[in-house]
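**Student:** Could you slot chain D onto chain Z? The hints should help.
Listed here are the chains, written in short residue letters.
Protein chains: 2
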Amino acid sequence: MSRAYNFSAGPATLPEPVLLQAQAEMLDWHGVGASIVELSHRGPEFMQVAQEAEADLRTLMAIPDDYAVLFLQGGATTQQALIALNFANPGQTADYVITGHWGKTALKQVKPYVNAQIVANGEGGGFRDIPARSEWKLSDDAAYVHYTANETIHGVEFRDIPDVGGVPLFADFSSSIAAEPLDVSKFGLIYAGAQKNLGPVGVAVVIVRRDLLERAGQPRAEILDYRAHVKGESMLNTPPTWNWYLAGLVFKWMIREGGVAEFARRNARKAALLYDVIDGSGGFYRNEVATTARSRMNVPFFLRDDALDKPFLKEAEAAGLISLKGHRALGGMRASIYNAMPEAGVQALASFMRDFQQRNG
Amino acid sequence: MSRAYNFSAGPATLPEPVLLQAQAEMLDWHGVGASIVELSHRGPEFMQVAQEAEADLRTLMAIPDDYAVLFLQGGATTQQALIALNFANPGQTADYVITGHWGKTALKQVKPYVNAQIVANGEGGGFRDIPARSEWKLSDDAAYVHYTANETIHGVEFRDIPDVGGVPLFADFSSSIAAEPLDVSKFGLIYAGAQKNLGPVGVAVVIVRRDLLERAGQPRAEILDYRAHVKGESMLNTPPTWNWYLAGLVFKWMIREGGVAEFARRNARKAALLYDVIDGSGGFYRNEVATTARSRMNVPFFLRDDALDKPFLKEAEAAGLISLKGHRALGGMRASIYNAMPEAGVQALASFMRDFQQRNG
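Residue numbers (UniProt numbering), protein chains in the order written: chain Z, 1 to 361; chain D, 1 to 361.
Think of the hints as simulated: they come from the structure by calculation, not from any bench.
All figures in this text were calculated on a predicted structure; none of them were measured in a lab.
Yeah, the Cβ is synthetic: ideal placement off N, Cα and C, and Gly gets one too.
Misleading hints may appear alongside valid ones.
Calculated cross-link-like contacts (lysine-lysine; reagent style BS3-like; alpha-carbon spacing at most 25 Å) [what the hints assert, rightly or not]:
(1) Z:K111 / D:K186
(2) D:K231 / Z:K108
(3) Z:K104 / D:K231
(4) Z:K231 / D:K108
(5) D:K111 / Z:K231
(6) Z:K231 / D:K104
(7) D:K231 / Z:K111
(8) D:K104 / D:K186
Not everything, but these chain D residues come out facing chain Z in the computed CB check (under 10 Å) [to be verified]:
(9) A4
(10) V32
(11) A221
(12) R328
Next comes chain Z alone, as it looks inside the complex (with noise of 0.2 Å):
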């Protein structure tokens, strides 16, 4: 077994102390004589997995008991459609600033549901950069403003909190959420697929602050009402418990590690070597976007020479460094560096990277 360095934009690599773990746990959780993925969900022990993964992401998070937390499935473009059923009525305005691919695809789940104005919109600059809160055009009304905190593919990323007033702000948090400290009041509600720093995929976490779910919303089925999940404590129906599980572990990994001041700390010194050896470059390697917009978390760029994208590709490669490719809508690279990448892993990269441009440039 050789473990590669991955730097899959999502489901992307997770910490080996976790994977070890969940080898270790697969046929027999604590004694049991059962997996934790074959015992029921209402059982004592997948209740104590779930309740201390609650409890760790808050602490981590430092999340305050007036926002609930939730464990669900359908992944942030599901939460997506759901903050328009359960927080808009029919037809009510809902403000959304679109720095990206995520938030267009935030912006068409909502479509059916309300009165989605585009208050900004970074696509006229090929979404190299956040157009200034000034120019923003919030509506008077609005159900609540939405953005994208950080673009998985662009590699945008807000590096502040957006003041909105007294509209509740709500976030798609999949590609950064735990990177930083955050000041979880300031918004209505936080939704992240778990899959890119929170480590597996098949579950979504929902941070929504509980005087919100007093609102109508629109007709909709028990199972897409965040109030009966809220009530039902995520288990509304049978959750992805392994997943669910497997994010405890990562949480648990990350309080060991520091928590998320300590991450906060490494995602920059990871993210500053990457663009450092790119600026570097005399152009050899480009990242196209504004400086003050650069994403700690996703790092696309181009080759000068696309026609070495692939010999790139393929020595990265042998060199133990995989899923660089970048995504089919941008091209050229993209080194994804989440939490559960190791410092270790970028300076391979860097060092990849810098050799690279010695034998082609």
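**Tutor:** Only chain D this time, still in chain Z's reference frame:
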């Protein structure tokens, strides 16, 4: 490590060879240097896993080509809401046959969307039998007829496919899918949470006749649209890759073991063994379901003296027989004996039951 015989109703026991393979591949899938749970769902590795899983399920269940197969999140309950959104006009009539708890859940999910008619209901008889087909009062203009093939809590199972004429037949097969050969062509749609008879929690299977996808249905987000999921090959958003992978391993195991015809024989023997102990106990154990409607998958039973419930559970656990406590709605005991429960496990339970009666009868 010692494995118990785990009679959990779902999440439920998995085949040991599947767990062993998942354990062996946990840190490095087929030499790529990463776990399958860490790789992109759009990469060649997972695409292979996904395609093989679908092909294997099609082989196992002899699914005709004019049916699409989806692997989705949200469990069976989400599908219960989506069938109305996708296949009925707003307020259109849909017919529901209720033979237990899960039929009632299915009905509840569609209330906001359709004029749901209960065309047959076993509740008056305590859900101990299936209302005769001749007594069903089908609507003239129903979008579909829905029933629950096996009621996990009440232990009531349809042994034949009901004839509903030209109206598409929709069925929840969560707890009996692939338990015996089934003529899929009799159905418009079959859905099942995988965590009972197909193995892993966190993924649901939907088998839908393609022509039904042309129905307009109701306004809905793309992520709630089966047509979009079919077009996106179940990858409209990031799918639960780990769970899908584990299901795929279970399908391969089932094919190796002889396919559904072989499991039908084993399941018949396993169920007969337990019902024989119950019926031969002179009332010490009791199952109240009509013989013709008894489930081969879930065997609920009661002890004549419920003061013996706790000792029964405690001694069973000491004997390596776990998760036998009945659902809180019914009390008593329940032995769930899905495909992955070996005959040796059921034989051990039958012996224990006889022995327990001898000591306490």
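**Student:** Compare the structure with each hint and give your call.
**Tutor:** Here is how each hint holds up against the structure:
1. Z:K111 / D:K186: violated (36 Å)
2. D:K231 / Z:K108: holds (17 Å)
3. Z:K104 / D:K231: Given that 25 Å is the threshold and the Cα spacing comes to 19 Å, the pair holds.
4. Z:K231 / D:K108: Roughly 17 Å between the alpha carbons, so the hint for K231 of chain Z and K108 of chain D holds.
5. D:K111 / Z:K231: holds (20 Å)
6. Z:K231 / D:K104: Measuring from Cα to Cα gives roughly 19 Å; hence the hint holds.
7. D:K231 / Z:K111: Holds: K231 of chain D and K111 of chain Z sit about 20 Å apart, inside 25 Å.
8. D:K104 / D:K186: Holds, at about 23 Å.
9. A4: Holds, because the Cβ-Cβ distance from A4 of chain D to chain Z comes to roughly 3 Å (cut-off 10 Å).
10. V32: holds (7 Å)
11. A221: holds (3 Å)
12. R328: holds (8 Å)
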